[in-house]
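Construct all of the structure, not just a fragment, from the sequences and the given hints.
If you're matching them up, the sequences are chains A and B in order.
Residue numbers for the first sequence follow my numbering, so the first one is 1 and each next one is one higher.
Residue numbers for the second sequence follow my numbering, so the first one is 1 and each next one is one higher.
One should not assume that every hint holds.
[As the list claims (entries may be wrong)] No farther apart than 30 angstroms at their CA atoms in a straight line, the calculated lysine-lysine pairs in the DSSO-like style are these: (1) B:Lys52 with A:Lys28; (2) A:Lys104 with A:Lys62; (3) A:Lys104 with B:Lys52; (4) B:Lys40 with B:Lys52.
Derived from the structure by calculation, the hints contain no laboratory data.
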Amino acid sequence: MMRWTLWAPLLLFAFFLGLAGYQLFQPKDEFIPSTMIGRSLPEFSLEPASEARPGVTLADFKDGTPKLLNIWASWCLPCIAEAPHLEALNEAGVEIIGVAIRDKREDVDRFLATHGNPYSRIGSDEISAIQLEIGSSGVPETFVIDGNGVITHQHIGDVRADDVPELLEKLREAAE
Amino acid sequence: MRGWVTLLAASLAVPVAAQDALPPAPYAYTQLDDPAQEAKAVELMETLRCLKCQSQSIADSDAPMAGDMRHQVRTRIAAGQEPEQIRQWLIDRYGDYVSYDPRITSSTWPLFVIPLILLLIAGVLLARRVGRKSTGGPEEIFEEADS
Numbered sequence: 001m002m003r004w005t006l007w008a009p010l011l012l013f014a015f016f017l018g019l020a021g022y023q024l025f026q027p028k029d030e031f032i033p034s035t036m037i038g039r040s041l042p043e044f045s046l047e048p049a050s051e052a053r054p055g056v057t058l059a060d061f062k063d064g065t066p067k068l069l070n071i072w073a074s075w076c077l078p079c080i081a082e083a084p085h086l087e088a089l090n091e092a093g094v095e096i097i098g099v100a101i102r103d104k105r106e107d108v109d110r111f112l113a114t115h116g117n118p119y120s121r122i123g124s125d126e127i128s129a130i131q132l133e134i135g136s137s138g139v140p141e142t143f144v145i146d147g148n149g150v151i152t153h154q155h156i157g158d159v160r161a162d163d164v165p166e167l168l169e170k171l172r173e174a175a176e
Numbered sequence: 001m002r003g004w005v006t007l008l009a010a011s012l013a014v015p016v017a018a019q020d021a022l023p024p025a026p027y028a029y030t031q032l033d034d035p036a037q038e039a040k041a042v043e044l045m046e047t048l049r050c051l052k053c054q055s056q057s058i059a060d061s062d063a064p065m066a067g068d069m070r071h072q073v074r075t076r077i078a079a080g081q082e083p084e085q086i087r088q089w090l091i092d093r094y095g096d097y098v099s100y101d102p103r104i105t106s107s108t109w110p111l112f113v114i115p116l117i118l119l120l121i122a123g124v125l126l127a128r129r130v131g132r133k134s135t136g137g138p139e140e141i142f143e144e145a146d147s
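Printed below as a string of structure tokens:
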């Protein structure tokens with residue numbers, strides 16, 4: 001009769017094989033969450049990205065009302081998809097401040113003319129400096145900022161219709 | 001026939017580039033003037049993960065965002081910051097994920113401890129096995145071989 005200890009290494013090997021096989025078929029998680037939630041935006045000042053709206057500084061976030069900070073770009077396709085839902089948020093009374101990543105003024109103006117302009121201000125971040133400061137790793141991303149300039153929530157990817165109520169709820173929480 | 005034409009067209013199609021039209025950041029592809037500083041910067045860049053192209057370091061990647069991260073690394077090194085300070089600045093924003101230099105934390109310590117335990121078990125097993133057969137020195141092994 002074989003001793004059970006002889007089987008232990010084989011069972012262990014089979015376990016790791018199973019684990020590796022299982023992980024192979026798990027969908028890849030491409031989201032890299034920011035670890036800046038609960039922390040303040042940095043001191044910054046961005047030039048206007050468009051003819052239509054002024055630039056952005058930290059002080060614009062410190063007037064006591066929570067806002068959305070939308071990281072986007074005219075060259076980003078999902079940003080086109082989220083435009084109507086940002087419009088809906090704006091119509092619900094939410095102030096949205098945009099930061100255009102690596103963008104040209106004429107491209108931003110063309111995007112706004114085509115897909116609408118829900119922004120109160122749009123800053124131009126030509127070297128992704130603010131994006132790196134707040135731990136954002138792509139476009140589009142949307143941050144909820146409370147009335148003191150503190151980040152309270154991060155939404156990664158385009159805002160879809162069913163994300164609108166959640167963002168409104170997060171803004172309400174940030175107001176408390 | 002039509003199927004083949006479609007297939008050919010599909011394979012030649014270039015995906016719409018989700019890429020910006022701006023030139024790279026000043027220090028994305030430009031080395032620092034001081035070779036010692038540049039060497040420090042490159043060493044750090046090779047151990048920072050590109051956030052856009054997740055299996056490459058920012059030194060290896062041509063993604064615009066990797067270029068912007070290299071710009072940050074080089075300008076911060078030129079301003080006199082230490083590489084580990086810059087690594088920590090990124091970890092503060094993106095978590096350990098952004099660094100290729102593994103640290104011992106509450107979730108990673110088993111990776112460092114398990115090999116030591118396995119080595120210890122192997123050592124004990126080996127000692128017991130060898131110890132069972134012989135209690136003396138080499139002479140005994142020769143005697144065993146002769147008999």
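**OP:** Just pull the numbers of the violated hints for me, sorted ascending.
**Re:** none
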